[in-house]
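Take a look at the letters that make up each chain.
Protein chains: 4
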Amino acid sequence: MKAGLKFAVIGAGSSYTPELIEGILQRQESLPVRELWLVDIPAGAKKLEIITGLTRRMAQAAGANLEIHATMDRPEAIRDADFVITQFRVGGLDAREKDERIPLKYGIIGQETTGPGGFCKAMRTIPVLMEICRDIEALSPNAWLINFTNPSGINTEAVLNYTKVRSIGLCNIPLCMKRDLARLLDVDPKRIDADFVGLNHMSFVPAVYLDGEDILPRVLELYRQDDPALHEKLEAISDIVWPDSFLDGMGMLTSPYHRYFYANRMMLEQEKADLAGPGCRAMQVRKVEHELFEIYADQAVHTKPKQLEQRGGACYSEAAISLIDAIYNDRKEVHTVNLKNRGAIADLDYDAVIEANALIGRRGAVPLTLGKMPRHVAGLIHAVKTYEQLTVQAAVERSYEGALMALMSSPFLDDFATAKAMLDEMIAAHPDYLGDLH
Amino acid sequence: MKAGLKFAVIGAGSSYTPELIEGILQRQESLPVRELWLVDIPAGAKKLEIITGLTRRMAQAAGANLEIHATMDRPEAIRDADFVITQFRVGGLDAREKDERIPLKYGIIGQETTGPGGFCKAMRTIPVLMEICRDIEALSPNAWLINFTNPSGINTEAVLNYTKVRSIGLCNIPLCMKRDLARLLDVDPKRIDADFVGLNHMSFVPAVYLDGEDILPRVLELYRQDDPALHEKLEAISDIVWPDSFLDGMGMLTSPYHRYFYANRMMLEQEKADLAGPGCRAMQVRKVEHELFEIYADQAVHTKPKQLEQRGGACYSEAAISLIDAIYNDRKEVHTVNLKNRGAIADLDYDAVIEANALIGRRGAVPLTLGKMPRHVAGLIHAVKTYEQLTVQAAVERSYEGALMALMSSPFLDDFATAKAMLDEMIAAHPDYLGDLH
Amino acid sequence: MKAGLKFAVIGAGSSYTPELIEGILQRQESLPVRELWLVDIPAGAKKLEIITGLTRRMAQAAGANLEIHATMDRPEAIRDADFVITQFRVGGLDAREKDERIPLKYGIIGQETTGPGGFCKAMRTIPVLMEICRDIEALSPNAWLINFTNPSGINTEAVLNYTKVRSIGLCNIPLCMKRDLARLLDVDPKRIDADFVGLNHMSFVPAVYLDGEDILPRVLELYRQDDPALHEKLEAISDIVWPDSFLDGMGMLTSPYHRYFYANRMMLEQEKADLAGPGCRAMQVRKVEHELFEIYADQAVHTKPKQLEQRGGACYSEAAISLIDAIYNDRKEVHTVNLKNRGAIADLDYDAVIEANALIGRRGAVPLTLGKMPRHVAGLIHAVKTYEQLTVQAAVERSYEGALMALMSSPFLDDFATAKAMLDEMIAAHPDYLGDLH
Amino acid sequence: MKAGLKFAVIGAGSSYTPELIEGILQRQESLPVRELWLVDIPAGAKKLEIITGLTRRMAQAAGANLEIHATMDRPEAIRDADFVITQFRVGGLDAREKDERIPLKYGIIGQETTGPGGFCKAMRTIPVLMEICRDIEALSPNAWLINFTNPSGINTEAVLNYTKVRSIGLCNIPLCMKRDLARLLDVDPKRIDADFVGLNHMSFVPAVYLDGEDILPRVLELYRQDDPALHEKLEAISDIVWPDSFLDGMGMLTSPYHRYFYANRMMLEQEKADLAGPGCRAMQVRKVEHELFEIYADQAVHTKPKQLEQRGGACYSEAAISLIDAIYNDRKEVHTVNLKNRGAIADLDYDAVIEANALIGRRGAVPLTLGKMPRHVAGLIHAVKTYEQLTVQAAVERSYEGALMALMSSPFLDDFATAKAMLDEMIAAHPDYLGDLH
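Protein sequences, first through last, are from chains A, B, C and D.
Take 1 as the starting number for the first sequence in our numbering and just add one per residue.
Take 1 as the starting number for the second sequence in our numbering and just add one per residue.
Take 1 as the starting number for the third sequence in our numbering and just add one per residue.
Take 1 as the starting number for the fourth sequence in our numbering and just add one per residue.
Honestly, the hints are just simulated from the structure, not real lab data.
There may be inaccurate statements among the hints.
Chain copies aren't distinguished; within one or between two, either way the pair holds.
[Said to hold, decoys possible] In silico EDC-like pairs for lysine to aspartate or glutamate, Cα to Cα no more than 20 Å straight-line:
#1 K332 with D211
#2 K46 with E333
#3 K105 with E269
#4 K105 with E309
#5 K164 with E131
Isolated chain A, as found in the complex (with noise of 0.2 Å):
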């Protein structure tokens, strides 16, 4: 690997980008990037302006040695990248709103990840990671591509079975996990470990260590005291307090979003009450953007402002950037990522794409074996598991018979009729997007 790096941020004008940037900033010894290449698409041009002005402040404040490029030229910057890094969201947050709105009418959740509205989202965005694999391929074969674009577990499973790009899926709720573990404990984060089994946001934690050793059944004793002056120092698992006859039969704990799984009902009471209140998700971040443009403006502005830290992707920019930086390094550290099977779950398909603890280093992603599911949540695990393969098989042939049956899969859908209307309706309401399925 050379060394001077080239970076190529794909979907630069993100209100997250100035993460990235101070986590490469703060890097600067052990990971020499040189070219840092913002990539955006002229819907984005303002955006991606302000964020270039601002990286170029902060780059200046830390005294970088880096050259930075703006463009709407993706393949002019993806050209013998050494890291391509994709965050962007087709169709930005109106599209979100889409993602939001729509389930709800039909009484199921709307969220851009899990569910019809992630559905919605993966069946948008596939089609544009597939462009940029094709870039990837012909243009910088031996980048690695780290994709932050949700829903990530979907989309890796279709960078990683439909096309030669080495690339690695990142999410930052196992670092969250890790790190409100050790906020709950009161230890250095470093000395906590765990388990992840499972997907992109169906993945379950059957073990936690502390120097090594087993302390969940110590950490479920804390979660059953329903202590709020414990429960403040979580932050991605603050809001999850289940009975304790859940945390028993579970024996595990699990990820933010499993309420959906497991707390559907109120999860939906909310969303609505969320949307005849203070919006949906994408209303609320919309305003949380625009006050964040008008900060990162600033020429006075030259380091991340604090207020990006409400956005919501704490840990964003460590998860990727110590990432890089451990395959860079051929670090030989754990980090828990999405990349195929193989086995690393037993029983699950060879191919599929988990979410697991892997060796990173150089050569790449290397699942660490977890043998095979806990039959309890096995049966979910499977059925998400095939509802996100039909997914991605349906965005890369853009079928509309196989979108239906992908979406009918989906556990939260148990009527045709529904999944058809509402289908449908997504169909209509991204002409652009979703038009040209047949």
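Knowing the structure of chain A, use the given hints to seat chains B, C and D on it.
Chains B, C and D alone, transformed into the frame defined by chain A:
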């Protein structure tokens, strides 16, 4: 195997019994039943008496050489039996009514095999089935247990994984579907075959054969015509009128019970309407049963009354007696039965009980290899099978926590609070049967 | 399927052909063959002429309504055929003699199906088989290819994994074994069944059924008696007299070819003695063939000569024609054939070709599920199957390196220098057939 | 884990023990061993005394805070131990000599780990290992058993499948190979990594990494040069000079023990020549041991003598002590060890013990996922693993028939009469150790 056979029928007070008797009497030449033991419990004494009387009159009318015993001494009936037929209903129709009513309160379909109702029935039934199996292990270890008792797939899962009894699980749906198809195509049923992939009340039909040629496309075309005259010919599958897009996407025939998974909203409304109107299924059946037993008690009646056919058990007798005949006479015929997977479905748990075509002979049932599941239904089959395995384990271990997680893992549940409330109500409603969960 | 069938026999100049003809003529009523195309290559012109003459006389004597065509135009014969039967020998008996002689030089058994001889034969045969399959794909895509050509298991592995042709591989051993068992027990062969687990010339018999009851212990007891009168009744397995400790440990019957794996030293000595005495098998067969063709050429002969039975192909005709009859008439009978595994043996490669009992009908062959392999033979079956898959791949790709590693992976080889020397000698001995390896 | 550790070394009279002691003394800071229990049996009393003396002198010279106990009371040594290290040899070098001589009589390689010699050793060793494990289960259930005793893979298979003891099996070959590669490439060993696929003494190296980049092609190129100066740098793999065609076909590095499978004839000749000349390996080792113990007994010696390195156990100490250090200090380092598969090799038995890279920490060893085996070695790995599983089962059950079938299933055996004669001779030669087979 002995020349003169001993049959024990457990739950002989059932209104279906005359079906079975008729089947036995029709096959006197090939199936030399010499002892028929009709077994029930004290609560069923009256019904057993009526059934025994009718059975004697039917046997006499048929000139059968058959000893008929009515007893409440189950071990005595099982001792040295060649075939034990189980068709009992723990808690009777009163319990069934609860299975149908309780889930509806929670906005979930109430049904005695699929969903929470079937779960509750399994939790009541499996302990009794285990006792019967212990008797068989001790008193007639070479006997065949032919299980009809619903939920048939779950019960067979329990028998084959928790006892040493040789057993085959039966359901009339596959045979009825083949009959319906023959009627639809106006051909002799013997010319019709079909593949079945999946589980009891959860099996899909990826191919229909007429004289060995796959005519599924032709069948789907007939379905599409939506011609009332055609649909009249269908009994088991008469009211399954899926939209074309569903049939196109599925590319398989479905079982009647798939409506709970793919047309849940319609089914839920229908159940609610039934309950508000003519009553839930248990209430309707109670009336039919009452009428049937009046007829059975009539000393002038010495054949199976026509009215029994309305009861819903079409093909039951034929399914059971033709299966027994195929075993006893080593016929090497293909029947659709419930049995251990052992790789027949390559990507499903090895020890899981599946519903599949199997070659039947004196050595029992050997499944025909099916390969991998079609992906668009694999997730659902995995999810349901996992739920079934968890239910069996909880029922055998009498575990409250296990039962809760089993119920939670059903595709019909997406909310832990709901699952817990429903389970607690079930336990309260069935103190004699579920009070021992701990 | 048409009422009048067209058969194409590739390698019709074989001395076995009259067997096949007799079979066809005996089943005229159920199997309406109207066109019989006898195909061979120029080198076999003389033999083809003799066989064609005999075939015409046999057909006439049987009063058959049958067009007989002799041709070297293989595509013409294949066009619109219903069944293509392959029984050719690339390189004839001269090549076979080399297959038997070359390995012996290296102290390894020389045999035309098992071991290096079979490897060499497969390397010669598969390219021709691929050409035939390309013809079938283009000219008669619905035809069934019934393959007899040895090594039958390896060749079927090639056809089913590298072409789209519908094919079933056949060997006479399983049928002969069942015949022998019937003779041993003095019962009608129809009452005998047996399970077969494994591969062609590598299948074990874990159960023998008489009227559906497992009588393997009784059979093993008879074997143990070592009574010449009993062993005379065995033809296929007559000379397999294993010590009691072998039978006890194995707990299964073995195939005649297992002697090469479990009594290798004896077999090697026997082959060496044969070569020094009456000649290797090819040399003996050559003499028999010469005599047979003299008889065939006799215009007075119009039935299958008795002498053919000594040739070693007992049951061949019955195996093939009864299989074709079962397909054509959708008989749903169990035959032992070579076909894709698809989970039938749960712990063997999904796509591997195995030899197993299968239900035969118009839709082809569906294997009966066998579960997991007995552990004490699993290693050998895995090793042989891997060797076969590597051989097929090398034969299709014409790879020298692939061929070398395939040969090296045979359980008969434990020395790379020996493998290389032997392969190089094979190539030198068969420049026309193996000269293209690269 | 306690701050002061207790180690028990079973078979401490071994000439290797000073290696281990040196390793312990070198890591005093990170590995606080406070009690060292040296255990042997009465037959080894003299050696144990000498070793204990040397150990005390070494500890004193190193200024170690270490209680040293020499005992024949194994349970006392095991009670509350943190680490139990097994390195015993049942029957000593006399038994080893028989392992090496007996197979040679039958024309089969005689070797104490691979082939019939290793089989015989396993049959003697496993019962003792089971006794040790029963002690650990009762007296120190949280102890780690680090097994060196050969055949290490088979013994670990026994421990992990027939006891509840937490155990990791060790061999020095993988570490030595990495050392050799570092020497060959003239780089720091820390920069070298390698993948290992397979079993102990049967693992292949499909990739070698220098700083995380796969440099296997470069290594194979160096091998090809056949330059004595290069080969001198290799110790563990020095004499493995394969022809280019082997390396091309294999596309992997092999273990030294693969010579028995891929260059059997050469190895057999070499063993015969050794026996006729300097003596078999046991005889040579006996001489070396004698000399070593003379040195060990010298009161002036208080460090590990240089001469021990010739004994053949290079890297043993480092393999063991660095592994223990990684466990105790939760280092999350990758070591190559023997452990349960659990899907790491996707197409090998789930419960099989394999040799693989694993992440080592306080929780033990978690294998890195390897995917499917390269097909050209899959058959051999399957065959050897099956043989090992059968051997373990026979050793645990003390079954003569099981032992016979296990031996027969070894890839080195192809003749039942030979297997039986050899087994009977082994039993006769080891009445005390194998006389209980029944």
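Violating hint indices (sorted, rising):
Checked against the structure, the hints that fail are numbers 2, 4, while the rest are satisfied.
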